[in-house]
Amino acid sequence: MSEMIVETRDLSMRFGGVLAVNNVNFNLRERELRCLIGPNGAGKSTLFKCMTGLHEINHSNGRVFIRGQDVTGWRPHEIVRLGVGIKTQVPSVMNGLTVWENLWLSARRIHGKNGAYPEVDRVIEELGLQTHMRRNVGELAHGQRQIVEIGLVLCQRPKLVLLDEPAAGITGAEADRLVELIHGINQQAAVVVVDHDMNFVRMLGGSVTVLHQGAVLMEGATDAVMNNAKVREVYIGNRAK
Amino acid sequence: MIGDAANFSSAGRTHWGWIIAISLLLLLLPAVFDTNTPTLLGIWALFALSLGLMWGYAGILSFGHAAYFGLGAYTYAITSMNLGESTAAWMLAILLPAFVAALIGAMMFYGRISDVYMGVITLVFSLIMAKFMGATAGDAYSIGNARLGGFNGIPAFPILNVPGDPSTLIIGVPLYYLVVCCLIFCYLISRWVLSSAFGRILLGIRENESRIELLGYNAPAYKTAIFSLSAAMAGMAGCLFASWAEIVTPALFGLGQSVEVIIWVIAGGLGTLMGPVIGAVLLGTMKLLLGGQTFIDNSLVIGAILVLVVLLLPRGLLPTAMGWRKQQDQRSVSRARNNSMRRRTGERRQPRATAGQDKSGGQS
Numbered sequence: 000m001s002e003m004i005v006e007t008r009d010l011s012m013r014f015g016g017v018l019a020v021n022n023v024n025f026n027l028r029e030r031e032l033r034c035l036i037g038p039n040g041a042g043k044s045t046l047f048k049c050m051t052g053l054h055e056i057n058h059s060n061g062r063v064f065i066r067g068q069d070v071t072g073w074r075p076h077e078i079v080r081l082g083v084g085i086k087t088q089v090p091s092v093m094n095g096l097t098v099w100e101n102l103w104l105s106a107r108r109i110h111g112k113n114g115a116y117p118e119v120d121r122v123i124e125e126l127g128l129q130t131h132m133r134r135n136v137g138e139l140a141h142g143q144r145q146i147v148e149i150g151l152v153l154c155q156r157p158k159l160v161l162l163d164e165p166a167a168g169i170t171g172a173e174a175d176r177l178v179e180l181i182h183g184i185n186q187q188a189a190v191v192v193v194d195h196d197m198n199f200v201r202m203l204g205g206s207v208t209v210l211h212q213g214a215v216l217m218e219g220a221t222d223a224v225m226n227n228a229k230v231r232e233v234y235i236g237n238r239a240k
Numbered sequence: 000m001i002g003d004a005a006n007f008s009s010a011g012r013t014h015w016g017w018i019i020a021i022s023l024l025l026l027l028l029p030a031v032f033d034t035n036t037p038t039l040l041g042i043w044a045l046f047a048l049s050l051g052l053m054w055g056y057a058g059i060l061s062f063g064h065a066a067y068f069g070l071g072a073y074t075y076a077i078t079s080m081n082l083g084e085s086t087a088a089w090m091l092a093i094l095l096p097a098f099v100a101a102l103i104g105a106m107m108f109y110g111r112i113s114d115v116y117m118g119v120i121t122l123v124f125s126l127i128m129a130k131f132m133g134a135t136a137g138d139a140y141s142i143g144n145a146r147l148g149g150f151n152g153i154p155a156f157p158i159l160n161v162p163g164d165p166s167t168l169i170i171g172v173p174l175y176y177l178v179v180c181c182l183i184f185c186y187l188i189s190r191w192v193l194s195s196a197f198g199r200i201l202l203g204i205r206e207n208e209s210r211i212e213l214l215g216y217n218a219p220a221y222k223t224a225i226f227s228l229s230a231a232m233a234g235m236a237g238c239l240f241a242s243w244a245e246i247v248t249p250a251l252f253g254l255g256q257s258v259e260v261i262i263w264v265i266a267g268g269l270g271t272l273m274g275p276v277i278g279a280v281l282l283g284t285m286k287l288l289l290g291g292q293t294f295i296d297n298s299l300v301i302g303a304i305l306v307l308v309v310l311l312l313p314r315g316l317l318p319t320a321m322g323w324r325k326q327q328d329q330r331s332v333s334r335a336r337n338n339s340m341r342r343r344t345g346e347r348r349q350p351r352a353t354a355g356q357d358k359s360g361g362q363s
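Going down the list, the sequences are from chains P and W.
Heads up: the first sequence at position 49 corresponds to 48 in numbering that gives the first Met the number 0, and the numbers run straight through without jumps.
Heads up: the second sequence at position 119 corresponds to 118 in numbering that gives the first Met the number 0, and the numbers run straight through without jumps.
Check before you lean on any hint, since a few could be wrong.
[Claimed, not checked] Selected chain W positions facing chain P (in silico; Cβ < 7 angstroms): (1) G11; (2) I188; (3) R190; (4) A196; (5) F197; (6) E212; (7) G322.
[Unchecked claim] In silico lysine to any residue, SDA-like type, Cα no more than 25 angstroms apart, as pairs: (8) W:K325 - P:E138; (9) W:K325 - P:F14; (10) W:K325 - P:L139; (11) P:K112 - W:G11; (12) P:K112 - W:P219; (13) P:K112 - W:S194; (14) P:K112 - W:K325.
Bear in mind the hints are in silico, worked out from the structure with no lab data behind them.
Ideal Cβ positions, reconstructed from N, Cα and C, are used throughout, including at glycine.
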């Protein structure tokens, strides 16, 4: 049986009077692909931020374990150093630097001075960014910036990849390419995808965790979850097909 | 795999030709001009460079950078008075501001203080230093042989001397050369820092600090380090200023000094190393020239210049000039390309015309 790579124990997060994450116990095994879905305000992004250190938490919020380490209260850079690649909801790239420079900064920490160059070349080729490599990332379209941010994750060759709404604002063709990329990443790493685009989640396959009002509503295979009446009621509603 | 410098263009490049030419000019300057004013301008340029490095490349704006300039000056004055020679005082004048900046920087950056509050903290630190030093009149405020002297400051401390030889003073032209060497040294150190992985990570922090953290870099550590390096340079400038002026006063920590250096950096060009140097030399010269007249207040003119620069040249003098030159180059390249295309088209047309003439010639 493969090892547990992410584990949250009784994780809660409150903002004033709003309980954004309510006692969530989330587990993910090595090389597993899991989609975290739920309607707006379900607590997906908050849970994501608690796991990545983007929200400061302490032991009163519950605990987060990544690759066997209790990372509760750790800063994002410390969590990343455990082999975690993170893509945030809004493309978080260095707009004033070129695509090449962005990728180099990502590759440099893992692969060292000499190893960074071939790694950047590999990722540029894999993502088809050759024509954009000298352009500032700020000049690229939204979808291309999403791809660059995924490139930043790829350069780090992580063991766990957390992607927050990777399909937001991208075209159909780009979505196909993205699914292909995520499946590629999943060959080597466990992947958590936070999204509410049901078609994209279907395309990804894997298992699904549904969040509702900060708590886990259901977990299971994509089809089983999609066909569950309770899920349809709280999430998909009468638009469900 | 492509060359490193070519790939990493955002850090700027070392233009060795320009550096050598400017260095030669600066070295020959004493043969033509009195060095008193150029020495002061060089010190200001070094001070501006220290802020320009930190602000332009790491995105950290200190509203109280004069604190480290003043700290360097006071540290030098107090230490040299106690030791009777300048070598240890010189080193301490660089190390103490660096150390203090590292403490304040660590507190701000690890404490995740936002940019606005960071500006307030740096400003308040500078004002506290000015206020404190101004309140040190009387014998009770002495460090060893050095009386801090309140608003009157500390006069008559030993000026810089050749290391190990307190009797050989560095004054006049030698002080000018020392300032030039310090300026070039700090410029080259800054260039080296920017071309290193450390400098590139700083650029990343300037662009998107949270992304740099998500790549696994400890951003507060990098920011603390550059803050400390910048303070060390400001301290060096303060030490040189103390030796040039032969007196240090609380005004060195003042708000005016902090604001002036910000204006020099903005006017010269943020995000370049030469820009702040140029800004300090040009605006410093203007300040000195305006200081000789009583018709209009000096600070009004400097303020008006800042407003004009922000409105007309928002990127500053040097980046605007560089942009203009790049545009000219691109125009001349496209003109040359058009000319060669026209020539080639003409060459292709000519044989046809000749053939037509032959035909008509044949017909006739």
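Evaluated hints:
1. With 7 angstroms as the threshold, the beta carbon of G11 (chain W) stays out of range of chain P, its nearest partner Cβ sitting at about 13 angstroms, so the hint is violated.
2. Annotation: interface hint on I188 (chain W) violated; nearest CB of chain P at approximately 20 angstroms, more than 7 angstroms.
3. Given the 7 angstroms rule on beta carbons, the hint for R190 (chain W) is violated: about 17 angstroms separates it from the nearest Cβ of chain P.
4. Satisfaction of the interface hint for A196 (chain W) is found here, the shortest Cβ-Cβ separation to chain P being roughly 6 angstroms, below the 7 angstroms cut-off.
5. The beta carbon of F197 (chain W) comes no nearer than 11 angstroms to any beta carbon in chain P, farther than 7 angstroms, and the hint placing it at the interface is violated.
6. Using the Cβ-Cβ criterion of 7 angstroms, the hint placing E212 (chain W) at the interface with chain P is satisfied: the shortest such distance is roughly 5 angstroms.
7. At a threshold of 7 angstroms, the smallest CB-CB gap from G322 (chain W) to chain P is about 15 angstroms, leaving the interface hint violated.
8. Restraint check for K325 (chain W) and E138 (chain P): the C-alpha separation of about 19 angstroms stays at or below 25 angstroms, so the hint holds.
9. Between K325 (chain W) and F14 (chain P) the CA atoms are separated by roughly 51 angstroms; this puts the pair beyond 25 angstroms, and the hint is violated.
10. The hinted pair formed by K325 (chain W) and L139 (chain P) meets the criterion: a straight-line CA distance of about 22 angstroms does not exceed 25 angstroms.
11. Distance hint between K112 (chain P) and G11 (chain W) is fulfilled; the C-alpha atoms sit about 19 angstroms from each other, no more than 25 angstroms.
12. Taken as a hint, the K112 (chain P) and P219 (chain W) pair is honoured in the structure, with Cα atoms around 22 angstroms apart against an allowance of 25 angstroms.
13. This hinted pair checks out: K112 (chain P) and S194 (chain W) have alpha carbons roughly 13 angstroms apart, not beyond 25 angstroms.
14. Between K112 (chain P) and K325 (chain W) the CA atoms are separated by roughly 32 angstroms; this puts the pair beyond 25 angstroms, and the hint is violated.
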